[in-house]
Amino acid sequence: GGGSSGGSDPAKFDAAGGTAVAAECKAAPVKGGSLVYSRQAETQSLNPIDLRNGNGDIFASELLYNGLTRADPKGGDELLPGLAESWEVSNGGKTYTFKLRQGVKFSNGDPLTAEDVKFSLDRFGDPKINQILSVVAVGYDKATVVDDSTVRVDLTEPVAAFLYNISIFPAFIVPKKLVEEQGDAFWKTPVGTGPYRLKKFVRGSYIAFERNPHYWEDGKPYLDEVRFNFASDSNSRLLALKNDQAQIADGVPFSQIDPLKADKNVVLQQTKVPQFVGLWLNHKRAPLADLNVRKAMQLALDRDQIKNGIFKGAGSVPNSVLPPLKYDAGADQVPPYPFDLAQAKAEMAKSKHAQGFSTTLQYPAGYDYYKQLGLLLQNQWGQIGIKVKLIEEDGATGTDRFNSGDYDMTIPYAQFTSDLTVPDEYAGFLADPASGTNGFFSNWSDPAITKMVKTFATTPDEAERAKQWPVIQKAMLDQTPVINVINLPSITAHRTNVCGTDINALGADHLENTWLTTAKASR
Amino acid sequence: MSTATLTPPARPSAAGRLLRRVWRQPLPVRIGGVLVGILVFAAVFAPLLAPYGQNDLDFNAQLQGPSLAHPMGTDDTGRDVFSRTLYGLRIDLAVVLFITYVPLPIGVLMGAIAGYFGGKVDLVISRIIDITIAFPFIVLVIAIVAIVGPGLTGIMIGVPIVAWALYARLARSEMLVLREQPFMLATTALGYTRRRAILRHAVPNLMRSSLIYSTVDLVVNLLLLAGLSYLGLGMQPPNAELGTIIAEGQANLLNAWWITTLPGLVLVVFGVGVGLIGDGLSDGELRGGGA
Amino acid sequence: MTAVAQDLPGVADATTDALLSVDGLRVEFGPADAPLVAVKDVGLTIAPGEIVGLIGESGSGKSLTCRSIMRLIGAPGRVTAGTVDFEGRDVLAMSSKELRDFRAHDVGMIYQDPFSSLNPVMRIGDHLRETLRANRGMSKAEARAEGIALLERVGIPDPERRYLSYPHELSGGMRQRVMIALATASRPRLLLADEPTTALDVTTQAQILDLLTDMRRELGMAVLVVSHDFGVIAQVCDRVCVMYGGHVVETGPVERIYADPQHPYTKALLDSVPDMESAGNPVRREGIPGYPPELTDVLPGCVFAPRCAHARPGCTSVPMVLQPVDAAAPDAGSTACPVRPFSVGGPFDPVAGSPPDPVAVPVSPQPAAATAAMTAAETAARAQTGDPGDLPAPGEARITQPTDQESTR
Amino acid sequence: MTLYVLRRLALSVGVLFGLAVVTFFMIHLVPGDPVQLALGGRGTPEAVAEVRGQLGLDRPLLTQFGDFLGGVVTGDLGLSVAQNAPVTEIIGQRLAPSAILIVYGLFVALVIGVPLAIIAALRPNGVVDNGIRLVTTFAFAMPAFWLGLMLALIFGLSLKWFPVSGYESGIGGILRTLTLPAVTLGLSLAVVVVRTLRSSLLEVLQTEYIDAARSRGLGEWRVVGRHALRNAVMATITVLSVDIGFLIGGTVVVESVFQIPGAGSLLVESVRARDYELVQAIALIAGAAVVLLSLATDLLQATIDPRVRLAKR
Amino acid sequence: MTGEPILHVEGVTKTFGMRRTLRERVGRAEAAEHRAVDDVSFTVGRGEILGLAGGSGSGKTTLARCLIRLVEPDSGAVRLGDDDVLAAKGADLRELRRRMQMVFQDPYASLNPRMTVGTALHEAGRVHRRPGSEDADRFVTELLARVHLSPTIAARRPRELSGGQRQRVAVARALAVGPEVLIADEAVSALDVSVQAQLLNLFLDLRDELGVAIVFVAHQLAVIAEVADRVAIMHQGRMVEIGDAGVVLRDPQHEYTRALLAAHPHPDPRGRAGVA
Ligand SMILES: Nc1ncnc2c1ncn2[C@@H]1O[C@H](COP(=O)(O)OP(=O)(O)OP(=O)(O)O)[C@@H](O)[C@H]1O
Ligand SMILES: Nc1ncnc2c1ncn2[C@@H]1O[C@H](COP(=O)(O)OP(=O)(O)OP(=O)(O)O)[C@@H](O)[C@H]1O
Ligand SMILES: [Mg+2]
Ligand SMILES: [Mg+2]
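Heads up: the sequence lines are chains A, B, C, D and E, in that order.
Residue numbers for the first sequence, in the numbering used here: 34 to 556.
Residue numbers for the second sequence, in the numbering used here: 729 to 1019.
Residue numbers for the third sequence, in the numbering used here: 10 to 418.
Residue numbers for the fourth sequence, in the numbering used here: 5 to 317.
Residue numbers for the fifth sequence, in the numbering used here: 186 to 461.
Heads up, none of these hints are tricks.
According to the in silico footprint, chain B covers these stretches of chain A (three or more CB under 8 Å from chain B):
1. 259-271
2. 283-289
3. 404-417
4. 425-431
Residues from chain D that keep clear of chain C, each with C-beta distances beyond 12 Å, as calculated:
5. ARG63
6. THR78
7. ASP80
8. ASN88
9. ALA103
10. LEU114
11. VAL115
12. VAL131
13. VAL139
14. PHE142
15. THR183
16. LEU297
Distance condition first, Cα-Cα at most 30 Å in a straight line; then the derived DSBU-like pairs of lysine-lysine:
17. A:LYS484 x A:LYS383
18. A:LYS385 x A:LYS507
19. A:LYS294 x D:LYS164
20. A:LYS127 x A:LYS210
21. A:LYS64 x D:LYS164
22. D:LYS164 x A:LYS233
23. A:LYS233 x A:LYS209
24. A:LYS297 x D:LYS164
25. A:LYS151 x A:LYS487
26. A:LYS317 x A:LYS420
27. A:LYS420 x A:LYS378
28. A:LYS232 x D:LYS164
29. A:LYS210 x A:LYS232
30. A:LYS161 x A:LYS221
31. A:LYS233 x A:LYS64
32. E:LYS274 x B:LYS848
33. A:LYS59 x A:LYS107
34. A:LYS487 x A:LYS317
Hints were generated in silico from the structure; no laboratory data involved.
Every residue, glycine too, gets a C-beta built ideally from N, C-alpha and C.
Extracted from the complex, chain A is given alone in its bound form (with noise of 0.2 Å):
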């Protein structure tokens, strides 16, 4: 559970390992030819507002559908206009006016309406139907059909992160009539205005897609066919990938980095996404209730040797317990937290604990650099000692721990992925007790963080949000509520005919802009 994706600065971040762009690619793109990309997850569901395994269904809606707004495909956390060409804000941030793109129309060639869209935002809304994301239709009230292609949605109280919220999965507009009428059965031949549509859908094998012809943006898509080949089994997709019968593969193992940057026929390109190594900490449990030993345990933990060593030089250190969004503030305005044994020891001294005490950590089974990572804790807390005993836990029975406060320690996704780009969704999940979810899960609670978070929320003006939220982020790191590890990014890798292969800040590829220097050849 838990992977979902969400947007930020998608510039890549490190350019050792970044995108070395091939020459070919500079030139102007050729369409045609067919792509296969080898995915890690595979799709299950192509209802966008009921994407039930995270990554793999996500990615697939991507293709299908759009939003009014969306991420920039090419990256950057910037929001760009989607199905809506513009929108207005009015009444105190609780009016959203959206003027809809002329001329679009859904991929069995009807147009795209207003009364689709009103539609569409309604289901958004509606908690008994979006249930798998409802917090982000926080604030919803109704959304009214202005005139052909003007739709008026009002909100309940300002949501400052609406435009973002309504940019992912759960707010893509869908085609009223045929939903309607076909029901379910919609969602196994759907349509929708997205740069492909559906080809062929095997279950737990593949899912084929071909170009949409009546995509909105000129020219594109490139591509005549994409195939997502799915395949959990990294090895699998990397040999997928040599042997050419892929030509992207995304969730390249860490062990691999090196390796692949040998390979003269791939590239490796990391991006930046709001994903981190989460590690919760239960504020029921006394130790960990102590501010001192938090500090502490933050200041004992060696990250450059975590990034080097286990995660091979991928990832950043973190200024924040929450992973990099919009907004967050430099090393320099806040700092993490050094690596200082001594200081680290005094914290432990300071704290009612200072003999030191034992504790438990558990994460998801299966995963070789969470094993690894679980070592190095236990070794670095070791030394200002803490006693970590650690415990893999099958996902399901750890996200059920989770969710029941049952661990002391514990990373509870294998990947904690930030829904949206923006801290709106986290922030309220750790520090607003409306989210209902008693601080993320954690026990803690902090009335003045709280309440910074809720001012954050409503306000709708961007530089005002802008200066809120280095503050909050200060505050947070302060306190240490959770420790965020690392900051993970996101790699994939492709062969070296494939131009074209940005991220957005949400993790997906927006293969629109995908094209092959070898058109012909490819399958």
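Starting from the known structure of chain A, arrange chains B, C, D and E with the ligands on it as the hints suggest.
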């Protein structure tokens, strides 16, 4: 050999007798015995033999190929694969022996009872056997792991729950033949209780083929451990188990073959050793004294 | 001791025009450096059309002798000395092609257990057809007609239906008839019958024995009948070879053997045959004290000496060589006992060759005492060869490796 | 015969019922909420309750079990929570690859195993025999994922004879995509074939009817191929039918290595997701397969060996 | 020489339905319903040997097994002394079985291959708390002496013994529990004549010295003639003739008995018929 011994030779020690008995077996059994013997020795004395601790991380020696310092190379956190293999072997052998030889007598007993009594008893036991065999084992292991917590405990509970059934089926079909044997009839004729007939007379005779089968089972179980580790259901960290080592190394298989291959080879050697013994035994060439 | 025997010409009653003559046959098992010798020195001849009986206790090597003639000794076993001569051809030296021809056309063999000598998953007809097609090159239809005719000849009622039966659907007697039909399908000149009736009840046994003599008469084939039942031998055989401990100890016409056995073993054997005459007044027979030797026993001199009522000190060093019973009458057969306790002149001393001191003839011991004594002797013999756990019990040491090395060559 | 089959099928229904009971309650006992998991672990309590209500997961267990059984009878295996799709549809797509893989693997095992077993049995304990036993034992003791990857590296990456992963239907597709997986599976099973067949061949070769056949002057190949093999094959069939469970277990790993969308990996995923309906359905189908297979084995044995009477057991 | 009757058998009948043993399945032809033993009655007295003869499949073994309920008869009565064998249950049945012992045909299969002779013999005595069984060594030695075996045999396992020795051990094991009736089902058929004679003597000794009643099953009439006081002939499940051995075997009344006698091979070749 005409030197007649007039005085009986001094009775050799139990170990000596065992050794002598092993030595009288056919060549493949002997080779198998030596292979397994070496591995058992290595496992038992792992703490003395291992040059490094099993969890000593060394970020200055990541992914090094086999060398004098690291006979089996290092893994991607610089742990010495050889040391981990030795320690892993230790746990593996213990676990595998447990999950193989705990269900064996239970299964044999159940099979013996079913075959001996026949009729309703047989019907009931046979159905239970059928259900157990038909049950997707992986569900059970995952379920147990989820209940008792991850690690070898789940495997050590889960495997025996299922594994007895194979032995039971084997023993039952043998019992059907055995019970018509005059010496089994004789237990009835002699007025022995059924309990005695089954426990003292039938079970020891049913053991042999189960023991032979168990040599296959040993290997299967060892592979199962590895397979479950591959699926993330194996040993609790940080300590190693062969399957875990192999499964972990699997991520590096394309660039660091030794992490998977060398411990895998140990597995193979164990399998070959046990297999040779089992082969020899099933050829009916076992010489000297009954078990 | 066997070396001496090998240097001698074949058995005394060998005829030059013999169909089969076996000479100095030796079969070993176990490691080459410490072999277990199962057949030590066997010689016998069979004339065309003759029925010869081979009698002896279990484990005396009868079956191995038969198998050696067919060259069917399995892997750990091997013929280490001797010749098997069939009409001037040396069977032991045949190429695999020749061997197959030999088996296909010249000899047939039937076995003790009719329950296990037919392939349980093949129909009777399949057996016959396969054999007829392979050995007599018949077409399918011919083979079927001939197969049914064969079944009819061996007295199987309703042969057409039986042609389609599976072996387990037939009674033991019928199966043995089928075996005879199979073994004689290619009209061999020699039939080896290894205890053909042991598994059958007396009524069926009588029928099968009749069938054998009928076949001999009709086809003119010679038969070697192996049995441990003197009654069976007496009923059908012209001549008898008596085996003990891997040796032929006496041969001769069946009447002579019965009326005037020359070897103490033959006599003791005849004396232990249960007799109908005792009905109504049970008698105790002596039997032969002790037990037959086992392969691991190394017995110098006469193999029968330890159980022999007439043994004397020299018996443990005499060679086991067949000598004519009566030099004047070569047809009377020969015996391996130099003591001749039943000869007109009384027993000879085996060493000195002179009639022995009558006092030296040991009195036949009480069975109990003899048994105990033998057990002790056996124990001693075991002690010589090492660990008692090593001893294969008679009958248990089966041929565990059945592949006929020669035949696959 | 028909009666026998009917009787066995009746017994099988009992077995499958038992299997259903065990699977149902076991999976429900396991901690972890399928709905919570399906909703990504962050579903609001309301959403969770909503979905539970929709799926009927809020009713008493026994009612749910009754429903499940009713569904089995009517062929409606329910809805997968995790995938939000009908179980029959999901399984329908993923059963074929596994079944084909198993059959293909079995075929490979036989094609490799039977000749080797015969060769080994003809010269027991010879160099060839020992060599065969050693090599097959080797193959047996190799972890499937290792063996599979090696095959993929050699025949997929280097020689490019086969794709390294994936699955395609159709004869050509199956041959292309399932050959390496089937070889991986078959190699480890071949040793079982070699072992049992070899030793039962050795046993059969000692019997009198083999000697009898030889003494009739039949050629060695005929003796072994026609007389010995058919009898020896019985034991092998029995062992294979038992080992089919092992085979099904083996597919999980092989499917994962070669990324075959089969039922094995689906089962693992489903248990992970606590996808009750799916787990139950797969368990039941796998169970039915095992049960049917053992029935088929018995029938096959009766065909091969006329002595095997089916009326009793 | 016949003492008072100890074993009474009346109208015992056993019908086999579909279920048959493996051996029979492999061996015999199909028989849907088969009367293996058909209304058989007889008695055996103390110190008497009753010879039971008949062709293969005539029901000898089945009858013998019915007596101690290794096979459950369908109807009839079996009494040992005054005790009803067919009605006994549990411990009573075990006690009755103790009093009626059986020796089987196959010397190679009738002893547990995994037990030494000593263990097997001692076990039998100990289970039934036989007097003297507290002292294992003496108990075993005495039993072995009874069947003329050396005490060294005690340490061996069955496969280290010859067939004749095994059969003696089987007899010793039967004697270990102190039976009043001994049922020998083809106990000497598998043995060589030389050893057979020794065992026949042993049975005669047991009869004379211990006064046990013996039901001696054999298919060879000559063997029966050597030991039996009385002879019963079975044919197709029925007992066609029973009487003193001398009478039955010399002057058979039933046609089947005569046929059996005629087929019996005679060791004297001079008397043979029809051989060229
Ligand atoms: N494969 C074998 N390995 C070891 N010893 C064997 C083997 N086959 C036969 N023997 C031994 O060789 C000896 C002679 O065996 P053979 O079968 O010829 O005896 P036999 O006279 O036919 O006896 P029987 O009357 O029991 O059939 C026996 O002691 C037997 O144990
Ligand atoms: N368990 C059984 N099930 C079915 N039929 C049986 C069973 N036991 C014996 N029979 C049949 O009963 C008949 C009598 O068999 P039984 O074994 O008593 O004969 P027998 O006189 O001892 O023969 P043999 O001399 O061959 O030992 C046979 O036809 C046999 O097939
Ligand atoms: Mg023989
Ligand atoms: Mg009988």
